[in-house]
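Produce the complete structure using the sequences and hints provided.
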Amino acid sequence: MRYRFIKYRKQPKHEGILRYFIFCAWLFVSIGFLNTSYGYKYNAILTSKISNGNSPDKLTATSFFAGTKLYGTFASSYTFNFATPSTTLTFPYGNKNGNCIDDYQINGPTINEFDLTISKEPPVSDNFITSGFKISLDTGQNIRDVGPYTGNYSYYTRDMYDKQLWGFRQAYICFRFPVGSGLKMDIGEKNYSIGYESYNLSRTWNNTYSLIAATEPGGLTGIFLNYHFLKNLKSTMGVAFTNSAMFPVDRYPTYEFSLTYKPLNYLVFYEGMVYGAENFIIYGNNLIPDNLNKFFYNFIGTEFSYFKGYDFVLDYEVGLNGGINKSFVYNNAINISNLPSSGAYPNQFISTSDSTFNKSRFSGVAFYIHHYKTHNFGRFSQTLRLTDVLDPQGLWETASIPGEAFHYFDYTFTIGLRPNIKIMKNIQYRLEFERQLSNQDIYGDGNSSQNMMNLMMIYTFSR
Numbered sequence: 000m001r002y003r004f005i006k007y008r009k010q011p012k013h014e015g016i017l018r019y020f021i022f023c024a025w026l027f028v029s030i031g032f033l034n035t036s037y038g039y040k041y042n043a044i045l046t047s048k049i050s051n052g053n054s055p056d057k058l059t060a061t062s063f064f065a066g067t068k069l070y071g072t073f074a075s076s077y078t079f080n081f082a083t084p085s086t087t088l089t090f091p092y093g094n095k096n097g098n099c100i101d102d103y104q105i106n107g108p109t110i111n112e113f114d115l116t117i118s119k120e121p122p123v124s125d126n127f128i129t130s131g132f133k134i135s136l137d138t139g140q141n142i143r144d145v146g147p148y149t150g151n152y153s154y155y156t157r158d159m160y161d162k163q164l165w166g167f168r169q170a171y172i173c174f175r176f177p178v179g180s181g182l183k184m185d186i187g188e189k190n191y192s193i194g195y196e197s198y199n200l201s202r203t204w205n206n207t208y209s210l211i212a213a214t215e216p217g218g219l220t221g222i223f224l225n226y227h228f229l230k231n232l233k234s235t236m237g238v239a240f241t242n243s244a245m246f247p248v249d250r251y252p253t254y255e256f257s258l259t260y261k262p263l264n265y266l267v268f269y270e271g272m273v274y275g276a277e278n279f280i281i282y283g284n285n286l287i288p289d290n291l292n293k294f295f296y297n298f299i300g301t302e303f304s305y306f307k308g309y310d311f312v313l314d315y316e317v318g319l320n321g322g323i324n325k326s327f328v329y330n331n332a333i334n335i336s337n338l339p340s341s342g343a344y345p346n347q348f349i350s351t352s353d354s355t356f357n358k359s360r361f362s363g364v365a366f367y368i369h370h371y372k373t374h375n376f377g378r379f380s381q382t383l384r385l386t387d388v389l390d391p392q393g394l395w396e397t398a399s400i401p402g403e404a405f406h407y408f409d410y411t412f413t414i415g416l417r418p419n420i421k422i423m424k425n426i427q428y429r430l431e432f433e434r435q436l437s438n439q440d441i442y443g444d445g446n447s448s449q450n451m452m453n454l455m456m457i458y459t460f461s462r
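Heads up: the sequence shown begins at 0 in numbering that gives the first Met the number 0, then just goes up one per residue.
For the record, the hints were derived by calculation from the structure and aren't laboratory data. Just so you know, these numbers come straight off a predicted model, no measurement behind them. Be aware that a few hints might be false.
[To be verified] Okay, derived cross-link-like pairs now, SDA-like style, lysine to any residue, Cα gap no bigger than 20 Å in a straight line:
1. K421 x H374
2. K372 x D310
3. K68 x R462
[Claimed, not checked] Derived CB-CB ranges, DEER-like:
4. N330 x F412: 45 to 53 Å
5. P177 x S304: 32 to 40 Å
6. Y77 x I368: 19 to 27 Å
7. S448 x I110: 25 to 33 Å
Where a beta carbon is used, it is the ideal one built from N, C-alpha and C, also for glycine.
Rendered as structure tokens:
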């Protein structure tokens with residue numbers, strides 16, 4: 000979690016659009032040239048392998064774009080927030096809460112996600128380097144609001160609803176090297192799944208944002224290596240920069256490592272960490288580190304699916320950050336009037352307390368029970384999710400006093416139906432009930448709890 004305060008200018012939209020078009024053009028030209036150059040050399044070898052009984056899916060064709068896939072997700076929902084969060088001039092879409100991202104909105108519909116992805120996996124070859132790519136353009140509330148895609152809301156000094164409504168979730172080229180069991184390298188921007196709670200509507204079983212995932216950095220640009228040390232052991236190591244929307248500094252070094260181990264068909268273990276993203280204030284175009292000046296995030300979990308139609312998931316995550324308060328501002332001679340809050344402390348980022356906490360610890364645990372069964376009328380599923388989150392020093396909140404503990408408990412029950420109708424084979428309808436509890440009065444109209452109901456339709460497609 001990085002705290003950044005600066006009188007900033009917004010990035011002109013045309014600059015960002017031009018930058019991505021240049022990147023995409025470079026991507027297509029470079030990987031197209033690479034595969035055209037090599038394609039004629041090993042096409043005969045691969046054709047021979049296919050004739051010997053190998054699956055053509057694991058090989059390649061002369062044309063680089065053979066095997067390219069187009070797929071995407073469209074999700075729209077209507078939310079009922081029974082805490083009736085009020086709208087104000089400061090929060091025109093309702094008062095926000097410190098823990099769960101979608102709770103600030105008033106009752107109403109929204110487009111949660113519209114994702115278009117073009118992807119080509121690098122073919123498997125025993126003798127040659129092969130390449131592929133992935134580009135994913137997203138829009139909707141999931142892009143504007145803060146989740147694993149954009150990272151913690153404390154990365155930004157402007158409100159969530161001021162962000163642009165579109166973005167590239169994935170934009171990278173990938174190479175597969177004939178090393179051991181196959182070394183895969185991804186270069187570019189990725190939205191990494193950090194722990195099971197990382198938000199992905201088409202992958203997870205529930206609609207709402209995660210208490211845990213809202214604190215994770217997830218938009219990364221860099222180099223990522225994937226390698227299977229054993230048949231059932233996959234590792235990922237990345238050296239990257241976090242993505243942000245602020246100037247003058249918008250890239251921060253981050254190191255990532257994760258392991259996935261599947262000893263049995265019905266049992267998966269995963270573990271990983273993110274380290275190295277500095278904590279600081281940007282003031283007067285200068286970086287002022289806080290007391291800790293490091294970021295650490297770790298996750299560990301397991302998924303068990305021995306019984307037919309049932310999945311059980313347990314996910315634990317913990318983070319460590321630095322803390323910034325009023326004394327930090329004074330000690331570094333920061334002029335309050337230069338902060339982007341019209342002379343007042345932006346208390347969602349800096350506490351008014353004089354106490355000094357040089358560390359902030361965050362931890363959360365999530366437990367899932369998912370059941371599904373196929374009937375004549377379609378696939379019917381039910382999911383129960385329990386989430387418990389503890390912030391003992393109150394330094395992960397949008398508004399808090401350092402040393403004041405925050406404890407959250409959130410549980411959801413989701414019913415899903417995929418109708419057994421040809422025209423609806425790629426559509427799922429969901430009805431979700433959510434109850435949130437806290438030891439602090441953070442919800443609408445000063446409540447310590449709130450109830451929500453969410454209706455959602457998710458459409459997925461592939462070509």
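So, going through the hints one by one against the coordinates:
no. : hint                    : verdict
1   : K421 x H374             : holds, 15 Å
2   : K372 x D310             : holds, 12 Å
3   : K68 x R462              : holds, 6 Å
4   : N330 x F412: 45 to 53 Å : holds, 48 Å
5   : P177 x S304: 32 to 40 Å : holds, 33 Å
6   : Y77 x I368: 19 to 27 Å  : holds, 26 Å
7   : S448 x I110: 25 to 33 Å : holds, 28 Å
The earlier numbered hints are all upheld by this structure, with none contradicted.
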